[in-house]
Amino acid sequence: MKTFLRSLALLFSSSLYHSSVSSAPSYAANKFCGVVAFLIFYSAACLHQLAEAETFTLGYLTGSQRTPGNLDYQRPGITISGAISLAVKEVNEGELRSLGHSLDFIVAETYGDEVNSIRQTADLWTRQVVGYIGPQETCVHEGRMAAAFNLPMISYYCTHRDTSNKQDFPTFARTRPPDTQISKSVVSLLMAFNWTQVTFLYLDHPDSLYQPVADTILSILNCASITVRDVKTWNTIYHHGFMANPFVDLVEQTFKNTRIYLILGHYYEHVGLMVALYNRGLLDEGDYFVLGVDIEQYDPSKPDKYLRGLLLEKRDTRAELAFQSYLAIFPTASIKFAEFAKEVNKYMELPPFNFPNPLGLFGGTKQISAEAAYLYDAVHLYAKALIKVLRHGGRPRNGTAIIEAIKGTKYRSAMGYHVYIDENGDAAGNYTVLARGLTCNLKNKTVPGLMPVGTFSQTQSDKLPFF
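Numbered per mature numbering (1 follows the signal peptide of the UniProt record, and there is no 0), the sequence shown spans residues -23 to -1, 1 to 444.
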């Protein structure tokens, strides 16, 4: 560029000299001088824009490899990492580019280990990243470090509830909804039907993810003035049709004091409760009803599986009849996910990841999990907040400002639906209400199954989603 400007200056000087020795400067010479002057001005403007342009580098915390001797780690990164490459490419082709800036990322391997994750968080800070995408399995200590560095951290995987506390984690946000988010939809549905008294049953297993969800549900039920008449638990995962039904005793202990049961556990455990109520004759007159809650995403391809036990193919007539007195709340299934998954697979085979596809020779692809969508969303969410801060004259390296720009916003997720970020920087879960209906199974036969009958929506001013 400097050489180009120097050449233009020489041309400009030469034209002035020739015009001075001529008694009548020609029109062509004057026109040439004007063109040269314009080119010099335009080039100077380009140089100024280049001086202002900046590449914002993010640190991507991922677990894609195993440490020597560890054969158990699932390595989630090998099935989702292409999503960050896809998202960065799209950002660099969009509004950020029009501002003269670009986005890049550095990969930091954690091996799924908290100590390594903490070490990488510190190392990325020394490499002048502007923010973190991640971490993966753990995020509490990493989130506190990000707060100390005043760098934004947008997690696509970790759902630890401590990080929702903005007093301790002011620069933390997440695109994967915490499992506890479902509690708000539970209360919303109960209030919609004016069900103000419930008996609460939930799985209380040491390795279960349901315990923190149960605690949150109990807390929010109390805040909503919904009376919990009884709380009962079962302690071993129940597989209907293969073991003694624990709900027979639980129903016997609670039915006299109950009309509405609220159950939190795996969908196939709900079948045990429904059959126990049916066998006891409590569903004959319509005096009892069950609201089932699970944190596993609804599977629209197999709606009939929800009316029988896990691994059972034979229809259970008692369960099918019992489920007339049942509604469920499940995380919403993704929409048009296949095309997104195809793109993620493509980018995983490219640098910087170069993850081979062992099924490629047979025309197959890796199974892409929902976390790929959350990873993709995290990058786009950061980019939108960055642009907002830049347009308002803020400092792009101010993590608190970035997170404040994220709160209260809505975005279209790669999952196919709109997601709201609440006041804690948490993505609000998208949940579907299910009820018994008729569907076609894989054999093209019409059978009963659980079908979507409603959803929830929420605005910035709503404390609870409404059904």
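Hints are computed from structural coordinates only; laboratory data are not their basis. Hints may be right or wrong, so weigh each one.
Claimed, not checked - Below, a list of computed lysine-lysine pairs in the DSBU-like style, where the Cα atoms sit at most 30 Å apart:
| hint | residue 1 | residue 2 |
| --- | --- | --- |
| 1 | Lys66 | Lys384 |
| 2 | Lys313 | Lys387 |
| 3 | Lys361 | Lys66 |
| 4 | Lys422 | Lys143 |
| 5 | Lys323 | Lys291 |
| 6 | Lys291 | Lys143 |
| 7 | Lys143 | Lys361 |
| 8 | Lys387 | Lys319 |
| 9 | Lys143 | Lys420 |
| 10 | Lys365 | Lys440 |
| 11 | Lys279 | Lys233 |
| 12 | Lys387 | Lys420 |
| 13 | Lys384 | Lys361 |
| 14 | Lys291 | Lys279 |
| 15 | Lys233 | Lys209 |
| 16 | Lys323 | Lys361 |
| 17 | Lys319 | Lys291 |
| 18 | Lys66 | Lys365 |
| 19 | Lys422 | Lys384 |
| 20 | Lys279 | Lys313 |
| 21 | Lys420 | Lys282 |
| 22 | Lys323 | Lys279 |
| 23 | Lys384 | Lys365 |
| 24 | Lys279 | Lys365 |
| 25 | Lys209 | Lys313 |
| 26 | Lys440 | Lys66 |
| 27 | Lys313 | Lys365 |
| 28 | Lys420 | Lys319 |
| 29 | Lys66 | Lys319 |
| 30 | Lys384 | Lys313 |
| 31 | Lys291 | Lys420 |
| 32 | Lys279 | Lys66 |
| 33 | Lys384 | Lys282 |
| 34 | Lys282 | Lys209 |
| 35 | Lys313 | Lys361 |
| 36 | Lys143 | Lys384 |
Next item on the list: Could you check the structure against the hints above and give me the numbers of any it violates, in ascending order?
Entry: Violated hints (numbers, rising): 4, 5, 6, 9, 11, 12, 17, 19, 24, 25, 26, 32 and 33; every other hint is consistent with the structure.
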